Structures are given as structure tokens and as C-alpha cells.
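Protein chains: 4
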Amino acid sequence: MAMVCLSDFEAYAKKYLPKIAWDYFAAGADDCTTRDENILAYKRIRFRPRMLRDVSMMDIRTKILGSEISFPVGIAPTGFHQLAWPDGEKSTARAARAMNTCYIASTYSTCTLEEISAAAPGGLRWFQLYIHRNRAASQQLVQQAEALGFQGLVLTADLPYTGKRRADVRNGFRLPPHMKVKNLEQAFEVCKMSLLDPSVTWNDIYWLRSLTCLPIIIKGILTREDAELAVRHGVQGIIVSNHGGRQLDEGPAAIDALVEVVEEVRGRVEVYVDGGIRKGSDVLKALALGAKCVFIGRPALWGLAYKGEEGLQDVLRILQDEFRLSMALAGCASVSEVGQHLVQFSKL
Amino acid sequence: MAMVCLSDFEAYAKKYLPKIAWDYFAAGADDCTTRDENILAYKRIRFRPRMLRDVSMMDIRTKILGSEISFPVGIAPTGFHQLAWPDGEKSTARAARAMNTCYIASTYSTCTLEEISAAAPGGLRWFQLYIHRNRAASQQLVQQAEALGFQGLVLTADLPYTGKRRADVRNGFRLPPHMKVKNLEQAFEVCKMSLLDPSVTWNDIYWLRSLTCLPIIIKGILTREDAELAVRHGVQGIIVSNHGGRQLDEGPAAIDALVEVVEEVRGRVEVYVDGGIRKGSDVLKALALGAKCVFIGRPALWGLAYKGEEGLQDVLRILQDEFRLSMALAGCASVSEVGQHLVQFSKL
Amino acid sequence: MAMVCLSDFEAYAKKYLPKIAWDYFAAGADDCTTRDENILAYKRIRFRPRMLRDVSMMDIRTKILGSEISFPVGIAPTGFHQLAWPDGEKSTARAARAMNTCYIASTYSTCTLEEISAAAPGGLRWFQLYIHRNRAASQQLVQQAEALGFQGLVLTADLPYTGKRRADVRNGFRLPPHMKVKNLEQAFEVCKMSLLDPSVTWNDIYWLRSLTCLPIIIKGILTREDAELAVRHGVQGIIVSNHGGRQLDEGPAAIDALVEVVEEVRGRVEVYVDGGIRKGSDVLKALALGAKCVFIGRPALWGLAYKGEEGLQDVLRILQDEFRLSMALAGCASVSEVGQHLVQFSKL
Amino acid sequence: MAMVCLSDFEAYAKKYLPKIAWDYFAAGADDCTTRDENILAYKRIRFRPRMLRDVSMMDIRTKILGSEISFPVGIAPTGFHQLAWPDGEKSTARAARAMNTCYIASTYSTCTLEEISAAAPGGLRWFQLYIHRNRAASQQLVQQAEALGFQGLVLTADLPYTGKRRADVRNGFRLPPHMKVKNLEQAFEVCKMSLLDPSVTWNDIYWLRSLTCLPIIIKGILTREDAELAVRHGVQGIIVSNHGGRQLDEGPAAIDALVEVVEEVRGRVEVYVDGGIRKGSDVLKALALGAKCVFIGRPALWGLAYKGEEGLQDVLRILQDEFRLSMALAGCASVSEVGQHLVQFSKL
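Residue numbers (my numbering), protein chains in the order written: chain A, 160 to 507; chain B, 160 to 507; chain C, 160 to 507; chain D, 160 to 507.
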């Protein structure tokens, strides 16, 4: 089976992953409307390609928060990579480093932050944080991440409670006994109730700020109002995201929300987006609409499920090739030439 | 079979109810366009969820006409509950009381008002009235309802004649011999022709007013013009409704009509809506667009068909949990924080 | 099989007519887009129904060019009724008279005008004319129709050449040998080439005017510009029509074109519409948008195919019942109360 | 099997061509969205047909760059005609001449320009050029084309690199060993890397201008900005085209881009369009929106696949008949009467 595009990896993962793992990765909240809209919304954006520009020398590199990456696609934070591949997040870290891009490791990793760091020394990594009721545990994680060389702290804002994912309820989803959320093992012992703290507010950004010198990126913003609040509270970056459609169903598609966030932010901080990226041309659309970089979630998991580190590299390489080709066919030789003039919204 | 969402109850009812009963409950007029639009119209509304608000203490209670209910979902008036469950409306009344919400008992109940009252003393109930040609019979029912402690009188305005529901015509639908429209047994004996009075006009609100001290709620309003007339004729509440799509096909979806009614009414009376509610987030959308409360029709019948009183409680509990979670994920800790800023209409 | 709505007759006809006849009646030009749009366009129109009006006494009669009909639905001109029922147009004439409505007999009838007249003396009938190259033959037909008591002359304007109906080409459609276009037998002998005259222009209205005192109705108008020309050339009525989607594919749906024609005509002549009527509520929509009456084509043929005169009466009676019910549920007790306030165009 | 419309030829070709050849001709880039949109976009355009005009004498001829053709449909440049029919481009040339229309021969022909010329002396032909890294080879081809009597030079602007056509990647598409890109045999020997020069810019129009007196037509323009640049750089014609959806996926449909290009060009040069033409009425729509002529790609290949020269003539004759009929039914007797008043964009 030739792996030609990302759907090929999706088909492979659906076929070979245990159903409970596939369902967990694929799940959207409620009717999965937002999960699917994330993809459909990209299709409603049309290119306005320009011709006869010299695209013989293509430069697709970019920088996020000052660090250069080989192309504007990073790995979004997702949990439980061992469900996809035995080495779990260690493989993810290796693939990201090999492709010279950024990997956002999740609080809900099945490897410790030390293991992730040790697996791919020198790689560009950010750490994604859920603030837990046990604030000391959260503090410890943040400081550990900083000490291990993670270069950004990503606060997930859209999960005061977990969304209702019907398939997971039906399956009674839980991690197999031999896997653990290793970063939280201690914390899990402290309290049996849900560890997530639903009382987190904007003021907690100041608390995080007091804990670390790392840049803080907030993930899960979908409105201009919250984008303005994020900027005012001093974050360094915003990831526009609806959590892959796994939290509140029937909110905006990620790429649609990006437009209003970028408009509000007016360049004061970097804006990224995740959710619905399936082709290199989707990356180009997101950049044209103002994203500095995109992050992929499920496609990275499909790559892991296919062949671990190597499979994820395949996924990234395909996206990279498609992105480069899309840029060239749209008439851009470097990322700096990409702008809103390249796209229009279809009326259909 | 795990009952995770309302569609699970629908599937159960479709499988286990006699076809003639399922068809009667499921029926829409003509092509069933409006019945189906009621659901689709909710999907065209998108949330604008807000992040990082303290949603640790959720309060989802509300009041309708001064009475507190545990969450803004009541039971819409539907006929013939014994078709779904042997105890019929008695089970409905018990479930509504157990969940601390409002049940609107139909003129076309298969239990008497006394039986309904006795089944769940102290429950919050309104009585739904069709005005019949035999005005004395209607008067008697209204006064009996008031005497039995019903706290509201719901006048259905959209049924001068019964809509054309093709499946019922094909099935030759009629109640099985052992079931009776008990509230009307006497009236049925008086005249053989259709009992519904198609000459009812707005002035009959004054007549009703003369019969009872109960608040009058008018059900079946779909336009701003009729909403204004309702307010002027002194009703206390309006239920925006197209009768579940069972009367005039190809009128507006209930949630779309709600918007124009709310705009016209400007808070002078309470506005409710029924038709198309299938998820907790639908309730949140209706509230964001100005409804004080929603009512569910078919889903209540599916709950009854599943396990009577217990099944209906399951349905209500699922809606309650979903509504609470949607509110939290949208950033609202109490119903008073829900407003139009939470939603936008999709252009698609 | 219960005949509950017009689709039931369609299903019957599709099952029992010879394929070549079914295909001929069902055919649309090219991709059949306009044929299907005629129906879909009705679905995009939404009612704004009004409540609590006295609809106990319903009056659904109307007048067309001064003649009263029992409800605003007549029989559109279609050819070759013997393909549907042995008695052909004689049955059609009888059914129309029995239901007290207007029948427009086609030039391409398989009975002579005399036979049609004799079959249902006293019925309200108009005669539909194609102008042929042999003008004398056309003149003779017009004058014969007038002499036989036909009360209107309908000039079809949209068929300078016959549209390309792929199924007819594939089937090699032609009348069976025992059927004849009896009104044109002589004309057919005169010339072998196509008899239709593609050089007809607006000036030929004056020529028709010189031949007969009958009111002239022009059929096939789809634009405001042509509507204005029709009025200026002195016609008494306009039938907005795209020939059931059988001529130029991908023109406007009939009901959409009606809106612009009515706007242009401003009541100077009566405007009718055919194409896409499948339910009583479609009739109500057309009237709300300014049509004085609608005409049905294919549904009449399905009725004939079902049981000849009796089947066509069934079709008309169902439409009549549905129309009366729709009017009542929309809050109108007589046709004079129907107006544009009753409808709105869906944005979807 | 009767060949009634172009879809019949498509079905034939799909059935009888080797899969690898069918896939190559059918391929679109990535998700094939633009390939399919080319067709769907025509369906969103509605005619406004006019009645009672004298259409007895139809004249469907037109001129492109001064040369008369029998109707406004030419053959777009496509590669590898021997994949469809043994005689390849020689058959194409003969059919185009027989039907008195223009054939644009591709650089990637499987016959030499001499063979094509010799096959149909006197036919109207343009030569399509890809500029290659080996500029001398390109120069030689241009001058050879001029010497052989080709009357126009078509520069393809949208292929700095080849689009990603998944099926071709999966099939490992390449020409069978017995076929050759004969025009480039020498060039192919010179270098093994891709021959296409991705550094081509607008200035290369001046270089081409210096090589030949032929009119230069630029193919692949999709925006008003590039249309203005084309005019300023002195081209004689513009072919609005997205390369049949084979290059950048999710750009505009060809007919939608035509509208903005025509608006920008304001008649300063001739504008043509290719992509999505499947019926005679599509040709009429393109002309109404300002195209001087359209070109067909895949339908020509289906015709070749059916019966070579004869099959392509069948395709052209069907389009011609359909175009003539559409014009007549829309009320136009000659191409000069076709204008924007004939069409409107559907809101759906």
C-alpha cells in the first residue's frame, strides 16, 4: 500500500489500531460536527494563485518564537502516544527532531518529560499544561519542563471538564493497565476526583508567569474577545483550536476562528492554529490567513501507528512536499510572500 | 445497549414500539420538511465559547412563571402516552416531578387530569387545551385543571384542523380500543364531527381569561405579528412551536422563529420553544437566543417507550448533564450568564 | 396501495406505464436540472403562518379571465394523453369538468378538438397552439377552437425547436402507429419537415389577434423583459413556465421566475404558473407570490395513467383538499386573503 | 450504445481505456476538488432565456484572432494522445480540420509537429509551449511551429512544477515504451532532471516575442491581477484555465475566474476558457460571460478513445448541435447576440 497522502495513514491506522484506541483518537464531542467542520472549512477557502513568478528556489522555513523550523508544521499536543506505538512520545520526539520542527508534549504523555527529552536531545519542544487542582503538582511539572530545556509552555484553556465523546463512553475507554500518565503518577495518588481544575481563570496566567521564564502560549482560543484578553494578560502566543472538535461541539471551525483572532491580535503576538490540516495546501491557507505555523494532531498519531518514528516522519515529509508544491503553484517562493491576497472564501 | 444520548432512545423506540405507534409519534405533515428542519436549524447555529472563566460551581436552575425548575427543559404536551407505556401520562408526571421540572399535560391524554394529579402530587404541571366546539366541555376542563393544582393553561393555536400526516392516513391510525381520550369522553359522546373548533380567534383569549385565574400561555406562534397580538391579548407566555412539524409543512424551523418572536416581544412575556431539541447544547442555543425554557416532545416519548417513568428520567438526566457541560465549556457558570453573544448563525 | 399524495400516482405511473411512455412524460432537457429545480425551488420557500383566525368557513374558489373555477388549479397542456389512457384527452376533459376547473388542450392531442368538446360539453377549456410553418393550418385550428367554445387561446412561446431530451433520443421515441396527432393530420401531410415555425416573433401576436376574439394567453415567459413585451403586445394572460424543464435546461425554476414576472406586470394581466406543483401547499405558495392560478402537467398524466378520468379526479381532489388545509393552517379563509406576507425565501 | 451526450463518451472511455491511461486523463490534483468544481460551477449559472425571437436562421460561427471557426469550441492542449488512440495527435488534427475548428497541439504530443501538420494540411492550429530549462530547445520548437504554419503560440503559465495527482503516483504513471514525447526527444537526452523551468517570469514573454511573429496566448490565468499583467506584457489572448484541476487544487473554477478576468481585460485582448465544458449550453454560458471561444480537453480525449478521428468529430458535432439549440432556445440567432443579459448566478 503506497502512502501518498495523509488519508492513506488514516486508513492504515483505522485498520490496524485496536478499536478502542482508534475511537479515542478519532473521537469528537457529541455529534462530531466541529471535528468534521474543521476539515470542511478548509475546503470553503479558495486560492487565488499567481503565475509566472520565479519559484525555482523555494524556501519554506519559518520561525516560531524565535526558533527556526524547517517548515510551518509542528506536532500538536495529544495524549497517550503508546496507544499508537510502543515507544510512545519518545518516537514522536525523535521524528520531530529529525524533521527539524517543534513538538508540543502533552501533560497526558505516556512517557515522562525526562524520557522525552532524553530520546531526542536538542529538539525544539514545548510543554502543554493542564492546570490541576493540585497546584503544587502543576508547578513542579512546569519547572521540570523548563529545566529539561523545553522552550515554551502551552496552557490549554478549553478543558475545564472533558467533552462528551460518545464512543469513549460506549467503549468505557481507559488506558490499558501497562500504560501510565507518567507525569502525573504522584498527583493521581493525591486525589481520586478529577484532577482538572475548572476554576482556572485569566489570573492564573500571572501565576504561571511567576513560576517560569518560558514563553506562555495559550491554546483553545476561538473568539476575538478571548484573543484580546490573552494579549492583555501577556501571553507570547495563541493557538487557535477547538481541541480537534473534542470539547464543545458546534463551535467554530478552527480556520474560521483564526480569521477573527488574527484580526484582533494585529501582530502583537504570534498566532497558530490546529485542527483539520490534512494537506500541504491547508497549511498554505492557514498561513495566508495569518497563522505563523500550524500543528497537527490526529495525522501525527496515524504516522506513529503506521511505523512509529519513521511513520511520523513520512507524514511530515508528505506535508512538507505538498506545502512546498502548493506554495510554488500559488506563486510564492518563500513564506514571507504568503499573504491574505492568496485566498478568498467561497460563497458555497 | 448503553443509553448515551437521545438518539439511543429514538433507536430503541423505533425498534420496539408497534409500527403504528412509532409512525404516529414520528409523523410530520406532508413531506416532513419542517419536522426535519427543526433539527437541522439547530446545527446552523454556532457557539462562540469563552475560555478561562471559573466554572467550578455550576447553577443550571431557572424559573418559569415564577416556579423554579431544576434546569430549563420541560415536557411538551403530546397525546396518547399509553401508546408508549402502559401507565401513560401517570409515568410522565412522576418522571417530571422526580426531575423537578414542568410537565404540560395534553387534552389528548390517555389518563384523566385527576389520575395525572394523583400520580405525582405537588409536581409542577400546566394543562394544554384545544378549544372544542363544545365550549362547555372546554370550560369544564379548564376549571378542573385549575382545581387540581395545574399552574398554567397552554392554549394550542395551530390546530384548527389536523395536519396531513401521510403515514397516519396509510396506517388508518386510531387509538386501540382499550385506550381512551379520557378527558373528552363525555364531549366525544356529544358530537360525532371533529371536536376541534376552527373558528377560534384572538378574542377567545378573553373568554379563557374569564374562566380561570391561571396564567395563559399560547402555543404555536411562529411570526412576530402573532407574537405582538399575543402580548396585546394579555397572555403570560408564548411557546414558539410548529407542533413538531405535524401541522403546516414548510413553515419556519422553531429555533428560527424564536429569534423573531423574542425580538418582537422584548421581554414583556416569557418565551419558550419546542421542536428539534436533541442535545444539551440545543437547550443552550435556545436560551442564548432568548428562550426562558425549552420543552421536549418526541424525546420524552422515547424515554417512556424505553422504561416508562425511569426511561423518561434517563432522558432528562442526559439532557441535564449535557446542558451543564455545554454551559461550562461555553464559559457560563449560571443561566443568567447565557446571552446572545454565545452564538452566531452559520452562513452555510 | 392507498393513493394519499401525488407521489403515489407518480410511483404507480412509473411502474405500470410502458417505459417509452413514462420516459417521454418524465423527460427533461439535457441533465434535467430545470425539471428538478422546479420542485426544489418550492421547497426553498417558507410559510409564515398566522394563528387564531376564523377558518371555519373556507372558500377556495377563484376566477381566471372571468370564469369561476372550484380552486386555483387547472390542467396544463401536455401532448399524447392516449399514451397514458386509452380515451386520452376525452378523459382529461371529463375529469376537469367534473372538478369544475380549466383544461388547456394541447395542439398535440391524440383526440380532435371536436372529440374533446363532445366528451365534456360545457367544460371550461382553453386551446394551446404551436404556430406551424403552415399558417393556414394554424389559423384553421384557432378558429375551430373558438367555434367549439374554447374560451382562451394559449400560445406556447418556448418551442422554436424541441429541447434535447436524452431518454427520448435513446428510446427513438415516436407515437405508436395506432395513435395520431389528430388536429394536425392534414398539416402533417403537407410537409415532411418539422412543422414548428422558428421564425415566430412578437408580431405574430397581432396576427393571432386578427384571427380570433378569444383572449390570448402566452405560455413560456421567464423574464421580466418578456413579461413587459407580452403586456405591450396585448395578451390577456401569461403562463410563467419552462415547459416542465423540457426545453432550455438550466433556466430559472418556474416559481422563481414567477416572482420577477409578477413584479413587472403589476396586475395589468393575469399571471399563472406551471411546473413543479406536487402538493396543495405549493399552490398556496404560488398564489402568495402572485399567481392567479397554477396548472399541473405531469401529475395530471399520472392520474390518467392510474384510472383515466377517475384517476385524474383523484389527483385533483387530493390537491384541492391539501390546498384547503394549507390555507386554513396558514390562517386564510379565502383566496383573497392570500398574499406575499404568507411566505419568505429560505436562505438555504 | 447510442452516443447522445458527452457523458456517453466518458463512460465508454472509462470502460475501454487501460486503467493507467484513464486515470492519467481523469486525474485532478490532491482531492480533485477543482477538477469537479469546474463542472459544478457551470451548474450554478442560470439562463434568462428570451422568447419569440426569429431563430429560423442560426449562425454559430465565430472568429478567434481573426480566423473563422465553425462554432466557438476548440481543442485544448492535452498530452499523450496515443494513450487514447493509436494515431494520436494526427487523428486530433484531422478531426479539428474536418469540423473547421482550432486545435492547440501540446508540447507533450506523441507525434511530432511535422506529423501533425502533415496529417491535416490547412487546418487551424496553435502550438502550446512549456518553457524548458533548455531554452534553445524551446526556441527551436517555437520557430518550427511557426514555419509549419501554426498560427498561434500558447504559453502555459501554471506548471512550474507538476501538480500532485495521487492516482498517477499510485500507478507509477509513465508512457509505455513504444510512445515518445517526440517534440522533446533531443531535449530529453540533454538533461535527466525535470525539463520544466520553474524560473519563468513575465519577462520571458518578451523573450518569446523576440523569437516569433505569432500571436502569443497565455494559458493558466485565474486572477484579475495576472490578467492585467498579461495585457501589459503584450499577449494577444488569455486562456482562463486551472489546467483541468490538475495543478493547484482548490483554486477557482474556470468559469468563475473567467468573470473576473473578462472584467479586468475590458476587451483589450481576446479571452478564452477551458475546463468543465460538458454540454452545448456550457459553451453558451461561457460566451455570455465574455469568452470568445472555449476549449475542451478531456471530452476530446474521450472522443479519440471512442473512435479516433471519427469519435472526436462525433463529440464536436454533438457539442455543436447542442450549442446551436441552446442559442435558439435562449433567443439568439447569432453569436453576436449573446451577452451577459442571458445569464445570472444562482444563489445556491
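Hints may be right or wrong, so weigh each one.
As the list claims (entries may be wrong) - In silico EDC-like pairs for lysine to aspartate or glutamate, Cα to Cα no more than 20 angstroms straight-line: (1) Lys202/C with Asp190/B; (2) Lys173/C with Glu419/C; (3) Lys174/D with Asp473/D; (4) Lys202/A with Asp195/D; (5) Lys202/D with Asp190/C; (6) Lys202/B with Glu419/B; (7) Lys339/C with Asp182/C; (8) Lys202/C with Glu496/B; (9) Lys202/A with Asp473/D; (10) Lys222/B with Glu384/B; (11) Lys202/B with Glu496/A; (12) Lys173/B with Asp195/B; (13) Lys339/C with Asp327/C; (14) Lys202/D with Asp363/C; (15) Lys174/C with Glu469/C; (16) Lys202/B with Glu227/A; (17) Lys174/C with Glu496/C; (18) Lys174/B with Glu419/B; (19) Lys466/C with Asp195/C.
Claimed, not checked - Cβ-to-Cβ under 7 angstroms is the rule here; a few derived chain D residues that face chain A: (20) Ala316; (21) Ser358; (22) Gly379; (23) Thr382.
By construction, these hints were calculated from the structure, which means they are not laboratory data.
If you're wondering where the values come from, they're calculated on a predicted model, not measured in any experiment.
Beta carbons are placed, not taken as given, at the ideal position from N, Cα and C, and that holds for glycine.
Do the alpha carbons of Lys174/B and Glu419/B lie within 20 angstroms of each other, as the hint requires?
-> Between Lys174/B and Glu419/B the Cα gap is close to 38 angstroms, so the pair fails against 20 angstroms, i.e. violated.
Distance restraint between Lys174/C and Glu469/C, which requires alpha-carbon spacing of 20 angstroms or less = With a Cα-Cα distance of about 19 angstroms, the restraint between Lys174/C and Glu469/C holds, given a limit of 20 angstroms.
Keeping to a limit of 20 angstroms between CA atoms, is the pair of Lys202/B and Glu227/A held or broken?
-> Violated, at roughly 41 angstroms.
Agreement of Lys202/D and Asp190/C with the hint, judged by alpha carbon distance not exceeding 20 angstroms | Within the cut-off at roughly 10 angstroms; holds.
Restraint check for Lys339/C with Asp182/C, where alpha carbons must lie at most 20 angstroms apart | holds, 19 angstroms
Pairwise hint evaluation, Asp473/D against Lys174/D, where the allowed Cα distance is 20 angstroms at most = Distance of about 18 angstroms is within 20 angstroms: holds.
Sort out whether Asp327/C lies within 20 angstroms of Lys339/C, counting only the CA atoms.
-> holds, 18 angstroms
Distance restraint between Lys202/D and Asp363/C, which requires alpha-carbon spacing of 20 angstroms or less = violated, 34 angstroms
Lys173/B paired with Asp195/B [C-alpha distance capped at 20 angstroms] = Since the Cα atoms of Lys173/B and Asp195/B sit roughly 17 angstroms apart, the hinted pair holds (cutoff 20 angstroms).
Decide if the proposed pair is consistent with the structure: Lys202/B and Glu419/B, CA atoms, cutoff 20 angstroms inclusive.
-> holds, 18 angstroms
Given the hinted pair Lys222/B and Glu384/B, is their alpha-carbon gap at most 20 angstroms?
-> violated, 26 angstroms
Between Lys202/C and Asp190/B, does the CA-CA distance stay at or below 20 angstroms?
-> Roughly 10 angstroms separates the two Cα atoms, so the pair holds.
In this structure, the hints that do not hold are numbers 2, 8, 9, 10, 11, 14, 16, 17, 18 and 19, in rising order.
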